[in-house]
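Protein chains: 2
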Amino acid sequence: MVPKVVFGQGSFDQLSSILNPQRKDKAPFIFLVDDVFKENKIFVDRINLRFNDKLIFISADEEPKTSQVDQIVKEIKEEFTYKPSGIVGVGGGTILDLTKAVAIMLTNKGSASDYQGWDLVKTKAVYHVGVPTISGTGAEVSRTTVLTGPVRKLGINSDFTPFDQVILDPNLTIGVPKNQWFYTGMDCFIHCVESLNGTFLNAFSQSYGEKAYDLCMEIFLEDENLSEEESRGKLMMASWHGGMSIAYSQVGVAHAMSYGLSYVLGTKHGIGNCIVFDHLEEFYPKDVALFKKMVDKFNITIPKGLCSNLTENQINTMIDIALSLVPLWENALGDNWETIMTRDKLKQLYLKM
Amino acid sequence: MVPKVVFGQGSFDQLSSILNPQRKDKAPFIFLVDDVFKENKIFVDRINLRFNDKLIFISADEEPKTSQVDQIVKEIKEEFTYKPSGIVGVGGGTILDLTKAVAIMLTNKGSASDYQGWDLVKTKAVYHVGVPTISGTGAEVSRTTVLTGPVRKLGINSDFTPFDQVILDPNLTIGVPKNQWFYTGMDCFIHCVESLNGTFLNAFSQSYGEKAYDLCMEIFLEDENLSEEESRGKLMMASWHGGMSIAYSQVGVAHAMSYGLSYVLGTKHGIGNCIVFDHLEEFYPKDVALFKKMVDKFNITIPKGLCSNLTENQINTMIDIALSLVPLWENALGDNWETIMTRDKLKQLYLKM
Numbered sequence: 001m002v003p004k005v006v007f008g009q010g011s012f013d014q015l016s017s018i019l020n021p022q023r024k025d026k027a028p029f030i031f032l033v034d035d036v037f038k039e040n041k042i043f044v045d046r047i048n049l050r051f052n053d054k055l056i057f058i059s060a061d062e063e064p065k066t067s068q069v070d071q072i073v074k075e076i077k078e079e080f081t082y083k084p085s086g087i088v089g090v091g092g093g094t095i096l097d098l099t100k101a102v103a104i105m106l107t108n109k110g111s112a113s114d115y116q117g118w119d120l121v122k123t124k125a126v127y128h129v130g131v132p133t134i135s136g137t138g139a140e141v142s143r144t145t146v147l148t149g150p151v152r153k154l155g156i157n158s159d160f161t162p163f164d165q166v167i168l169d170p171n172l173t174i175g176v177p178k179n180q181w182f183y184t185g186m187d188c189f190i191h192c193v194e195s196l197n198g199t200f201l202n203a204f205s206q207s208y209g210e211k212a213y214d215l216c217m218e219i220f221l222e223d224e225n226l227s228e229e230e231s232r233g234k235l236m237m238a239s240w241h242g243g244m245s246i247a248y249s250q251v252g253v254a255h256a257m258s259y260g261l262s263y264v265l266g267t268k269h270g271i272g273n274c275i276v277f278d279h280l281e282e283f284y285p286k287d288v289a290l291f292k293k294m295v296d297k298f299n300i301t302i303p304k305g306l307c308s309n310l311t312e313n314q315i316n317t318m319i320d321i322a323l324s325l326v327p328l329w330e331n332a333l334g335d336n337w338e339t340i341m342t343r344d345k346l347k348q349l350y351l352k353m
Numbered sequence: 001m002v003p004k005v006v007f008g009q010g011s012f013d014q015l016s017s018i019l020n021p022q023r024k025d026k027a028p029f030i031f032l033v034d035d036v037f038k039e040n041k042i043f044v045d046r047i048n049l050r051f052n053d054k055l056i057f058i059s060a061d062e063e064p065k066t067s068q069v070d071q072i073v074k075e076i077k078e079e080f081t082y083k084p085s086g087i088v089g090v091g092g093g094t095i096l097d098l099t100k101a102v103a104i105m106l107t108n109k110g111s112a113s114d115y116q117g118w119d120l121v122k123t124k125a126v127y128h129v130g131v132p133t134i135s136g137t138g139a140e141v142s143r144t145t146v147l148t149g150p151v152r153k154l155g156i157n158s159d160f161t162p163f164d165q166v167i168l169d170p171n172l173t174i175g176v177p178k179n180q181w182f183y184t185g186m187d188c189f190i191h192c193v194e195s196l197n198g199t200f201l202n203a204f205s206q207s208y209g210e211k212a213y214d215l216c217m218e219i220f221l222e223d224e225n226l227s228e229e230e231s232r233g234k235l236m237m238a239s240w241h242g243g244m245s246i247a248y249s250q251v252g253v254a255h256a257m258s259y260g261l262s263y264v265l266g267t268k269h270g271i272g273n274c275i276v277f278d279h280l281e282e283f284y285p286k287d288v289a290l291f292k293k294m295v296d297k298f299n300i301t302i303p304k305g306l307c308s309n310l311t312e313n314q315i316n317t318m319i320d321i322a323l324s325l326v327p328l329w330e331n332a333l334g335d336n337w338e339t340i341m342t343r344d345k346l347k348q349l350y351l352k353m
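First to last, the protein sequences are chains A and B. In terms of UniProt numbering, the first sequence opens at residue 1 and continues consecutively. In terms of UniProt numbering, the second sequence opens at residue 1 and continues consecutively.
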């Protein structure tokens, strides 16, 4: 789990005072920042670079890749003699996952793709700090960093993955476009549905999942009197609790299928989950109905027809990727999941999307 | 925050495999264990002492004292040449608080009483593990260790106080006597009431406090169909979330007054909170009414008449101790708390108890 967290509007301004005690002589801090902030001079100034610190703007238009992690690590190693004092990620799930992976790969040999799986990382990562600027993925608190590699989309799940420090400043989520706010918020809602309806559930994950679920219901459906400020704070906490819930249980059908979609079509994670979840009445009847109400309430468009023109080859790859995520299916459908979710069944589902 | 936690029935048996990687050559693990387990051979065997590990049974009949911490530290230093690999506490809030304090005092000079307050600890504590055997105090997750010292009852609140590892095994709470189960569970309920009604509340603490409150309502009042097994798991999580809630906000009237009671009469924390809370309708009307319903439902006796025979001197000390806890009063009653909670008002309240 994340050992240190600060929360509060404006808490981002504590960043320098948090980093300073971690500074090692001549070793820079590297800031990986979502490039939506590139032109936002006031925001960039608040990051307060010192000495030989380096800021790298990164586009979150595509899901993070193992090759991208390897490239960033290579550049850092080439530019600096000293191992960085730490890596700070400022952005959404993509940037936060990249940050965690880069921190790991600065102390572990080979390619990030060598570590996709469970508990393959052997050496402690470089000190790393996460600052989410959109809420829902749970990447700020999870023990995984989900990456698309040469042969699979899978997380680096390890005890060394979680951030050493997280700064939760709800004000940083001001200005997120409505669709993106919704898709990413629904990532959290869908996490919780999958965790709470899964066979791996225990009282620990349940308590976190229930709280995140309740907060999502409040924000996206039930509370008409919530101010934007309250809504931002609550969604940031929903994301946190949702991430904690799946850290000790597992996601399910929507995430498995969404990974396939993302691998073949590059569909972003949040919207991918929404596209898939919209068709999962059979597995999560009550919650898919609630989801459709939320979509209506906020006038959100869920893209359709993505898979109608795919080649047989593409569909097969999508199915391979989805079916390879065994723990997700076991959690969702139990030990006999293979008799329920056949290749043919999965194909029929994908073709609806 | 606690960086590592395992949860689950039977998870206590993971203790050895968790400790082994932390073992330093010749440096023992010290186990501080509630002496209710002294005759329970099966349980003691599960602790699985190795090499020169040492098990110390400790009575939880009295609240933990700074002098007791100093004594345990002295004995450990006298007996072992090497600083321990770690300290493991197995018990309720008293044992867990002692464990945290001993871990701190093995690396910090002077007496534990020198560190009562906020952020006075300068050196990282010895590795320490908490294993709660009763639920409600939140001591397993909090960044404090509440101790009675020569001049005050106050916590050692610091970044080095929280456990490095916690094992949450609901089965360890089997066999807790009903009254103690209730008093300690109410410690959690009262935490939440104080945190949720406090002026220090933010969305972080609120989300944890609400979840713990909801779980307490389920366990102690609303859910007639909860199995004992479910109830144990849920109360363990209520304690966890309740502790998280106050870690980032503050407690209030009940805790301030209960500290006074405990300092003068040695009243244990859980029962002390119940004795006080029973008379706080004026401050927490809805929740004191719910509390009284819970007391009735489980046929619990709340002691009365404790303060009727106290000397003027004793009452004054009680008031001094309570009023010294400024952050608690600020949280409960706001900046003008001193005009609301006068010495006379406090005396009238104590005399009812």
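Be aware that a few hints might be false.
Same chains, same label: a pair holds when it works inside one copy or across any pair of copies.
[Unchecked claim] No more than 30 Å apart at the CA atoms, straight line, and that leaves these computed lysine-lysine pairs for DSBU-like:
{"no.": "1", "residue 1": "Lys122", "residue 2": "Lys38"}
{"no.": "2", "residue 1": "Lys293", "residue 2": "Lys304"}
{"no.": "3", "residue 1": "Lys345", "residue 2": "Lys292"}
{"no.": "4", "residue 1": "Lys286", "residue 2": "Lys65"}
{"no.": "5", "residue 1": "Lys65", "residue 2": "Lys4"}
FYI, nobody ran anything at the bench for these hints, they're computed from the structure. Just so it is clear, the structure is predicted and the values come from calculations on it, not from any experiment.
Hints versus structure:
Taking the shortest alpha-carbon separations for Lys122 and Lys38, neither the intra-copy value of 35 Å nor the inter-copy value of 39 Å comes in at or below 30 Å. In this assembly of identical chains, Lys293 and Lys304 lie within 30 Å of each other by CA distance solely inside one copy; the values are 17 Å within and 53 Å between copies. In this assembly of identical chains, the alpha carbons of Lys345 and Lys292 lie at most 30 Å apart only when taken from the same copy (23 Å versus 55 Å across copies). Proximity of Lys286 and Lys65 under a CA criterion of 30 Å is satisfied in neither setting, with 35 Å inside one chain copy and 53 Å between copies.
Taking identical chains as interchangeable, the C-alpha atoms of Lys65 and Lys4 lie at most 30 Å apart whether they share a chain (27 Å) or sit on different chains (28 Å).
In this structure, the earlier hints numbered 1, 4 are contradicted, and the remaining ones agree with it.
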